[in-house]
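Here the structure of chain A is known, so what remains is to put chain B in place on it, guided by the hints.
Residue numbers (my numbering), protein chains in the order written: chain A, 1 to 399; chain B, 1001 to 1204.
What the hints contain is simulated information worked out from the structure, not anything from laboratory work.
Even glycine gets a Cβ: it sits at the ideal position worked out from N, Cα and C.
Each hint can be trusted.
With the C-beta cut set under 7 Å, the calculated list includes, among others, these residues of chain B facing chain A:
no.	residue
1	1028
2	1029
3	1061
4	1063
5	1065
6	1079
7	1086
8	1146
9	1147
10	1150
11	1173
12	1182
13	1183
14	1189
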Amino acid sequence: MAEAGLDNRDLDSEVMTINIGPHHPATHGVLRLVVDLEGEMVRELKPVIGYVHTGIEKSCEANAYWKVIPFVERMDYVSYFFQMEAFCGAVERLVGLEIPPRAKYLRTIFLELNRIHSHLVWLGTTALDLGAISMLWYCFRERDKILDLFEMATGQRMHTRYFQVGGVIEDIPLGFEAKLREFVADMPVRVGQYEDLLDRNEVFLSRTKNVGIVSRERLLELGVTGPLLRAAGEPWDLRKAFDYLAYPEMDFKVPVGTVGDNYDRYRVRLAEMVESTRIVEQALDALPEGPHIADDRKYVLPPRSELSTSMESLIHHFKLVTEGYRVPPGEVYYSIESPRGELGCFVLADGSAKPARVHFRDPSFVNLQSFRDMSVGGYVADMIASLGMLDPILGGVDR
Amino acid sequence: MPDAPGLELIRGEIEQHHPGAVLDTSFDRGQAALVVDPDQIVAVLSWLREAPGQEYGFLSSLHAADYLPAAPRFGVHYELLNRDRVERLRIKAMLEGPRPAGPVAAGDPPPLPVAKASSGGVPPTTPPAGDTEQLPEIDSCVELFPTAEFQEREVFDFFGIRFRGHPDLRRILMPDDYVGWPQRRDFPVGGEPVRFTFNERNYG
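This is chain B alone, in the form it adopts within the complex:
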């Protein structure tokens, strides 16, 4: 792990090559993290991978987190690793939450699929969430780190974050026709309605 001064050095070097790319640094519990402008994420990642003295050539993990009350809501995390120096560095790109688009008034929450489960005999008519909201977007790093292919698909599947330039951005663990982004914090833990004899006619 780079220590706190080392992290500031890395920040300074990135600033020379990509001005304005690093928004913040944090050194917490022995783990170093850089908060990076999402528009420059691929440039920063490729600089960290290639630049002499950095060479973070291994992407251990790519995952996302939803910091719901916070203003840039989603964080996409890149756990980089330099295997020679055995150093980890976390890169975070913070993304704004989804914006409702089209006829839906600003401020209305997007329709949640669980609500329709209790609506009796009405078959689900809600259009896929991708049609009613503008999904947050970030550039894909699959060309830089091919390992990110499945992991970016997983982030898309669970958080509805679109990766521009991903070769095959489809849901990976949830069914293809699933509506909603289950790992978001405002997505309730609901459950699939189970079809029993007593409620069979509700499902037609």
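In isolation and in its complexed conformation, chain A is listed as follows:
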């Protein structure tokens, strides 16, 4: 060391620029970070994104409205029901289609199951980053139960294409309710077990408490929404603020933090899982009878059974499948509360059967701007913890 001349260099104060990613297990996707390090302290940080950009918004413009649904699901691949709801809701507002009450409740149930699923993926992978490997297996055990429920009702475990403009494609099958009730009874117990595993774990506590604090005002300036904002003490939740789906009839709390550190972010999401379970239970109790999809044949496929008996239905089916439906010109911005914050969908219709513009305001994309504020001035190891707690899904960031 000494004869190589390295002793002349002050390794503690020299600023070194290192590159993390794009492929790195702790970046939760294909995210590249260019970090200036002074010793182990982060002095400057720039996220570089776009590695999984697939031009989904452009592809949407070349497809009929009903064919866009599978595309948008693949943006944020962990919360696909939310993408579907944002897009279908925007199109429903464009055509002025009211969805039946049963569809509203079914959508609410699946959205909240998806929220639990998304938080479980977050908890498992983030705890893994912090060294708690067993958490991953426990979380993915419960996640698998949710995926089983999705498979039972929709036929697919991920990217279900279950929501349609006008409602949901199919009613829930026999036996689904019993299985869902079993899950709903089980889930709060499981969340308690996660808390037991982590809440008194000295390593976990010292790596999350007072780490990555960003003030509430700064988060609002940066447009951050969702659990990150609520952890800083701002009770802002679009499910409470706006009137959509069955949320106005649901009784649930909005968990908020006090400090805004990584520990609060963890607590808020854990509490949200329990609240989501309560919403699912209430929606299941109050699930109204009736059709699961609107009865407007200009926008909604006729039931399969009618195709062999009704000429009208056959014509509608043919028109809907070949050309799709035309949407009157106009533009709508519709936003919902996704597991990561405000998920907005802007749809511009030009009167044809294809959208002229589909834009998603992805919460991960906007929230990522706060990562610099969370990490600069801290240790590089804490940066990884903060990134986990930020919970970006790069498929949603890059679209």
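The following block gives chain B in isolation, referenced to the frame of chain A:
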């Protein structure tokens, strides 16, 4: 959401402070929108953010749309939100399309990158689109709403709309050396040419 009369009231108040700033209003499907003169966009946004009784302090989303056959072609949309009253207001700034500059004759469409993909062994020689056309420009609102930084970069990346005063206006999702503005309506859905054994020599 402000309703249709409320929107006219907002328009009237803006007119008092910034005459000529509001070009049009629209109230459609329960959503209120103001079409604002792009040269006064930052003044209007900051008035809407600060003025008592307005206080639209949260910028939910900034995005653009290409209304191609229409005359002011690009629309930059600002989805403002007042979190206390739970009101959304959309501000739109309409911008003219790109003007060809330099030796390119007016009326000629700017060269598209997809055309060169099929041109066989000739390596791409088209200069970046920014050199041959005058990009539409609008003032950046990053100082007012720091959240707009990534979103303005995204609009620049996809539509080629330049934001004056943006601290770091580079492409964000497309590669840095990419040519063209993919989300414009006259940009075809093409695809990157894939290099196989049979066409390998085309790429040199």
